[in-house]
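Chemist: Numbering of the sequence shown is given in our numbering, commencing with residue 1220 and proceeding in unit increments.
Be careful, since some hints might not be right.
In silico SDA-like links for lysine to any residue, alpha-carbon gap of 25 Å or less [claimed, not checked]:
id: 1; residue 1: Lys1369; residue 2: Ala1466
id: 2; residue 1: Lys1369; residue 2: Leu1275
id: 3; residue 1: Lys1369; residue 2: Gly1468
id: 4; residue 1: Lys1440; residue 2: Arg1224
id: 5; residue 1: Lys1437; residue 2: Tyr1286
id: 6; residue 1: Lys1331; residue 2: Pro1412
id: 7; residue 1: Lys1440; residue 2: Thr1288
id: 8; residue 1: Lys1369; residue 2: Phe1416
id: 9; residue 1: Lys1369; residue 2: Pro1412
id: 10; residue 1: Lys1437; residue 2: Ser1364
id: 11; residue 1: Lys1440; residue 2: Phe1416
id: 12; residue 1: Lys1437; residue 2: Trp1292
id: 13; residue 1: Lys1440; residue 2: Lys1331
id: 14; residue 1: Lys1331; residue 2: Pro1438
id: 15; residue 1: Lys1440; residue 2: Pro1483
id: 16; residue 1: Lys1369; residue 2: Ala1451
id: 17; residue 1: Lys1331; residue 2: Trp1292
id: 18; residue 1: Lys1437; residue 2: Ile1425
id: 19; residue 1: Lys1362; residue 2: Lys1440
id: 20; residue 1: Lys1435; residue 2: Leu1368
id: 21; residue 1: Lys1435; residue 2: Gly1316
id: 22; residue 1: Lys1440; residue 2: Pro1398
id: 23; residue 1: Lys1440; residue 2: Ile1363
id: 24; residue 1: Lys1331; residue 2: Lys1435
id: 25; residue 1: Lys1331; residue 2: Leu1368
id: 26; residue 1: Lys1437; residue 2: Phe1375
id: 27; residue 1: Lys1369; residue 2: Gly1421
id: 28; residue 1: Lys1331; residue 2: Leu1299
id: 29; residue 1: Lys1440; residue 2: Trp1400
id: 30; residue 1: Lys1331; residue 2: Trp1367
id: 31; residue 1: Lys1440; residue 2: Arg1489
id: 32; residue 1: Lys1362; residue 2: Phe1375
id: 33; residue 1: Lys1331; residue 2: Phe1375
id: 34; residue 1: Lys1435; residue 2: Ile1363
id: 35; residue 1: Lys1440; residue 2: Arg1221
Cβ pair distances, simulated, as ranges [what the hints assert, rightly or not]:
id: 36; residue 1: Ser1303; residue 2: Lys1362; range: 40 to 50 Å
id: 37; residue 1: Ala1252; residue 2: Phe1232; range: 23 to 33 Å
id: 38; residue 1: Ser1253; residue 2: Leu1295; range: 26 to 36 Å
id: 39; residue 1: Tyr1330; residue 2: Ser1364; range: 17 to 27 Å
id: 40; residue 1: Gly1290; residue 2: Ala1467; range: 37 to 47 Å
In short, the hints are calculated from the structure, not lab data. We put the CB at the ideal spot given by N, CA and C, even for glycine.
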Amino acid sequence: MRVERILVIGHIFSMAFGLAGLLLVLPNPDFVASLPPIGKTAFAWSMAGGGVMYMLLGMAAVTVYAYRTLGVWHWLGFMLPALSISLTSELLGTSTGFPFGHYRYLTGLGYKIAGLVPFTIPLSWFYLGFSAYLIARAGLNNKISQNWLKIVASIFLGSIFLTAWDFVLDPAMSQTTMPFWVWDQPGAFFGMPYQNFAGWFGTGAIFMTIATLIWKVKPFKFPQSNLGLPLAIYVSNFAFAMIMSLAAGIYIPVLLGLIVGLIPVLVLYRLANTPTDTNIPENLVKVSFNNG
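Take the sequences, apply the hints, and build the full model.
Modeler: Structure below.
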């Protein structure tokens, strides 16, 4: 079993464990009190470090995948801009209100850089942004002949998919019984300012553009049939956010996220794995974590 498969399974399991704690255990204090010592210990660990663990595992899974599939140059060429640009945006946002609006992080997501931004937040920007961009680029690779148009469309769609995830995640994570951040500038969209989405789209578009320029320095054959892990990362994180929102009675952001995020991602994944030559045997285009 490949290392990245183990890591992504751990990532998904950690999210599921966290969901169980947030949605089933936390709202029922009598149940928590009745747990045996080992159960109370597991619950305490989940509340203290569950969010950190699932983000670390997501980061590790995508890092190993990117290194093995694309090589060092293209892995670092995406990861470093994604981490640095997203951290800069988050530090600006939590200290000035630009570009997302005025908000602040609470506890539960790990050590805060400069006392403002949990160190795990830029990690999630990287692994979600990378997965969204890679699927968009692979899906359009053989469908658009003009290279410049393909690149622009991939950056646009990758940024949209990243923002769509936030449509679904943000209301649930900021307005549940145990919020992880709060908005000091309440907005019209389920407690969020519309500015937040412009900030998400713009931040994603900036680091995806920089990564694209870095990738052009060393052209490479874009992966078309080894996209199982990026898809698993995007779908599982979207599902986590969707379940959280639905449990809180928040439906419209989920619908929007499905329309502009999950469904187009699945379509582009399918397009990426549809051979342009119909004579190519089907077994040559099967998706596998073990390819690459």
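Chemist: Please go over all the hints and tell whether each is borne out by the structure.
Modeler: Tested hints:
1. Lys1369 to Ala1466: With a Cα-Cα distance of about 38 Å, the restraint between Lys1369 and Ala1466 is violated, given a limit of 25 Å.
2. Lys1369 to Leu1275: 32 Å, violated
3. Lys1369 to Gly1468: It is violated: about 38 Å lies between the C-alpha atoms, which goes past 25 Å.
4. Lys1440 to Arg1224: It holds: about 23 Å lies between the C-alpha atoms, which stays within 25 Å.
5. Lys1437 to Tyr1286: The hint holds at about 15 Å.
6. Lys1331 to Pro1412: Judged against 25 Å, a Cα distance of about 23 Å means the pair holds.
7. Lys1440 to Thr1288: 10 Å, holds
8. Lys1369 to Phe1416: Within the cut-off at roughly 23 Å; holds.
9. Lys1369 to Pro1412: Status violated; Cα separation ~31 Å.
10. Lys1437 to Ser1364: 20 Å, holds
11. Lys1440 to Phe1416: Judged against 25 Å, a Cα distance of about 32 Å means the pair is violated.
12. Lys1437 to Trp1292: 8 Å, holds
13. Lys1440 to Lys1331: Between Lys1440 and Lys1331 the Cα gap is close to 38 Å, so the pair fails against 25 Å, i.e. violated.
14. Lys1331 to Pro1438: Given pair Lys1331, Pro1438 is violated - Cα atoms ~37 Å apart, limit 25 Å.
15. Lys1440 to Pro1483: It holds: about 23 Å lies between the C-alpha atoms, which stays within 25 Å.
16. Lys1369 to Ala1451: Satisfied, since the Cα-Cα distance of roughly 24 Å is no more than 25 Å.
17. Lys1331 to Trp1292: 29 Å, violated
18. Lys1437 to Ile1425: 20 Å, holds
19. Lys1362 to Lys1440: Cα-Cα ~15 Å, so holds.
20. Lys1435 to Leu1368: Since the Cα atoms of Lys1435 and Leu1368 sit roughly 15 Å apart, the hinted pair holds (cutoff 25 Å).
21. Lys1435 to Gly1316: 34 Å, violated
22. Lys1440 to Pro1398: 43 Å, violated
23. Lys1440 to Ile1363: 16 Å, holds
24. Lys1331 to Lys1435: 34 Å, violated
25. Lys1331 to Leu1368: 39 Å, violated
26. Lys1437 to Phe1375: Cα-Cα ~22 Å, so holds.
27. Lys1369 to Gly1421: This hinted pair holds, its Cα atoms lying about 19 Å apart.
28. Lys1331 to Leu1299: 19 Å, holds
29. Lys1440 to Trp1400: Outside the cut-off at roughly 40 Å; violated.
30. Lys1331 to Trp1367: 39 Å, violated
31. Lys1440 to Arg1489: 19 Å, holds
32. Lys1362 to Phe1375: Judged against 25 Å, a Cα distance of about 16 Å means the pair holds.
33. Lys1331 to Phe1375: 30 Å, violated
34. Lys1435 to Ile1363: 18 Å, holds
35. Lys1440 to Arg1221: 22 Å, holds
36. Ser1303 to Lys1362: 40 to 50 Å: This hint is violated: roughly 31 Å between Cβ atoms.
37. Ala1252 to Phe1232: 23 to 33 Å: 26 Å, holds
38. Ser1253 to Leu1295: 26 to 36 Å: 49 Å, violated
39. Tyr1330 to Ser1364: 17 to 27 Å: 47 Å, violated
40. Gly1290 to Ala1467: 37 to 47 Å: 42 Å, holds
The structure shown violates the earlier hints numbered 1, 2, 3, 9, 11, 13, 14, 17, 21, 22, 24, 25, 29, 30, 33, 36, 38 and 39.
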